[in-house]
Amino acid sequence: MTRLNGVILNYNDAETVLSLLEQIGGYEAMKEIVVVDNCSTDDSWERLKTAASGKIQVIRSKRNGGYGAGNNEGVRYASEHNGATHVLIANPDVSFDETCLQHMMGVFGKCPDTAAVSAVMCDKQYGTQRNGWPLRGFWGELTAMGPISRRLFGRMINYPESRFAGKEASYVDVVHGSMLMVDTGKFLDAGGYDEGIFLYQEEAALGQRLRAAGYRTVLLLNCSYNHSHSVSVSKTFQSQMERQRLREESAFYYMKRYLSVNRVQELFARLWFFVIRMEIWAAQIGSIRNKASHRQR
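Counting with the numbering used here, you get residues 297 to 593 for the letters of the sequence shown.
These aren't lab readings, by the way, just hints derived from the structure by calculation. Honestly, I wouldn't trust all of these hints.
[As the list claims (entries may be wrong)] Each computed EDC-like pair below joins lysine to aspartate or glutamate, with the alpha-carbon atoms no more than 20 Å apart:
1. 358 <-> 338
2. 345 <-> 328
3. 327 <-> 342
4. 552 <-> 437
5. 482 <-> 409
6. 351 <-> 376
7. 358 <-> 491
8. 351 <-> 311
9. 482 <-> 376
10. 327 <-> 437
11. 351 <-> 394
12. 351 <-> 328
13. 351 <-> 318
14. 406 <-> 469
15. 358 <-> 342
16. 420 <-> 393
17. 351 <-> 324
18. 351 <-> 393
19. 358 <-> 339
20. 463 <-> 491
21. 345 <-> 318
22. 327 <-> 409
23. 327 <-> 376
24. 345 <-> 393
Taking the hints into account, I'd like the entire structure generated from these sequences.
Structure below.
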C-alpha cells in the first residue's frame, strides 16, 4: 500500500511556506505534510507551529546542516512516523497541482527501479526548463558553472533535444532539487542527500548516489510545476558573491568526493572560479552604472 507524504524545508521563510501549505493542504494524494524548520533565526518556528494539524506536522532540526541534512530529516520522519512509502520533496517557492502528483506517483508502479521522479520546471525568471541533465565529468561541471561558458557550450554538456522528442517521460541522471518525488526506501538506501554539502551541487551528488545504488531517475514531460527561482535562498543569502562562495565550496567538495580530481584540476578550478567572480563583479558594476545613468536623465 503506497502512502505519499510531502516534505517542505524552511529557513527564515515562514511566509512562503504557509502560502504553499494553503495551496496544497487539501490535496488528497498527500496523506501528511512534514514541515522541517531548519533552525531558523527569526520567528518561523512560532509561526509554523500555528499551522500544525492532523495532516500538517511541524518539526525542528537539531542544527542547520543545510538543504540536504534538513530534507533527509524530513524524509526519515515521514518514513518512521507516518509509514510514507514515497515523499515529495518541495521547496517553499514552488506551486503544483494534484494531477502532477498523481502522474509522478504512477511512474513508480511502471518503472520499479525508479528512485526519483520530477516534472518539467516552469521558472518565472528563466522560463520553461527541461529539468533533466546528465552527470558530468570535471570539465563538464566547470563549463556548466560559468555564466558565459554554459550558454556557449550548453548543447555539449546537456542532453540533445532528440532524447525527449515525442516522449511523455525519459530517464535522466539528475533533476532539479526544487521539487522531486522519491521512493522512500530507495532514497534512504542510497544514503539520501550528501550532508557534507550545505547548498548547491546536492542534485548531482544525489544523482551519483542513486546511480551507484542501481536506481534510476525519471523526468516527466507531460506535466509541470512552477518555481519562483531561488526566492528562499535569495532571502537568506542576499549577496550574489556570497551565493557564489557557497557554490564554490560545494563544487570543490563534489569534485573531490565524486569526481576524484587531482591537484592540477583543483588549481585550474580555482582559477576558473576567479574568472566567474570577475564576471559577476563586472555585471554588478555595469548594473550600478546603468541605474545611475537612468537617474541622471
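Consistency of the hints with the structure:
1. Only pairs whose Cα atoms come within 20 Å are accepted, and residue 358 paired with residue 338 is accepted, the gap being roughly 16 Å.
2. This hinted pair checks out: residue 345 and residue 328 have alpha carbons roughly 15 Å apart, not beyond 20 Å.
3. Only pairs whose Cα atoms come within 20 Å are accepted, and residue 327 paired with residue 342 is rejected, the gap being roughly 24 Å.
4. Taken as a hint, the residue 552 and residue 437 pair is honoured in the structure, with Cα atoms around 12 Å apart against an allowance of 20 Å.
5. With a C-alpha separation of about 9 Å, the suggested pair residue 482 and residue 409 falls inside the 20 Å cut-off, and the hint holds.
6. For the proposed pair residue 351 and residue 376, the alpha carbon gap of about 15 Å is at most 20 Å, so the pair holds.
7. A threshold of 20 Å between alpha carbons decides the hint, and for residue 358 with residue 491 the separation of about 14 Å falls inside it, so the pair holds.
8. For the hint pairing residue 351 with residue 311, the CA-to-CA distance comes to about 19 Å; that is within 20 Å, so the pair holds.
9. The straight-line distance between the Cα atoms of residue 482 and residue 376 is roughly 14 Å, inside the 20 Å bound, and the hint therefore holds.
10. A threshold of 20 Å between alpha carbons decides the hint, and for residue 327 with residue 437 the separation of about 38 Å lies outside it, so the pair is violated.
11. Note on residue 351 and residue 394: the hinted pairing holds, with a Cα-Cα distance of about 16 Å set against a maximum of 20 Å.
12. A threshold of 20 Å between alpha carbons decides the hint, and for residue 351 with residue 328 the separation of about 5 Å falls inside it, so the pair holds.
13. Between residue 351 and residue 318 the CA atoms are separated by roughly 12 Å; this keeps the pair inside 20 Å, and the hint holds.
14. Distance restraint check for residue 406 and residue 469: the Cα-Cα separation of roughly 18 Å lies within the 20 Å cut-off, and the hinted pair is therefore satisfied.
15. Of the pairs offered as hints, the one joining residue 358 and residue 342 holds, with about 16 Å between alpha carbons and a cut-off of 20 Å not exceeded.
16. A hinted pair counts as satisfied when its Cα atoms are at most 20 Å apart, and residue 420 with residue 393 qualifies at roughly 17 Å.
17. With a C-alpha separation of about 10 Å, the suggested pair residue 351 and residue 324 falls inside the 20 Å cut-off, and the hint holds.
18. About 18 Å separates the Cα atoms of residue 351 and residue 393, which keeps this hinted pair within 20 Å; it holds.
19. A hinted pair counts as satisfied when its Cα atoms are at most 20 Å apart, and residue 358 with residue 339 qualifies at roughly 16 Å.
20. A threshold of 20 Å between alpha carbons decides the hint, and for residue 463 with residue 491 the separation of about 34 Å lies outside it, so the pair is violated.
21. Of the supplied pair hints, the one linking residue 345 and residue 318 holds, its CA atoms being roughly 14 Å apart against a limit of 20 Å.
22. Using a Cα cut-off of 20 Å, the hinted pair residue 327 and residue 409 is violated, with the two alpha carbons roughly 24 Å apart.
23. Pair hint residue 327 plus residue 376 holds up; C-alpha atoms about 14 Å apart against a cutoff of 20 Å.
24. For a cut-off of 20 Å, the pair hint linking residue 345 to residue 393 is broken: about 25 Å separates their Cα positions.
Comparing the model with each numbered hint stated earlier shows that hints 3, 10, 20, 22 and 24 do not hold.
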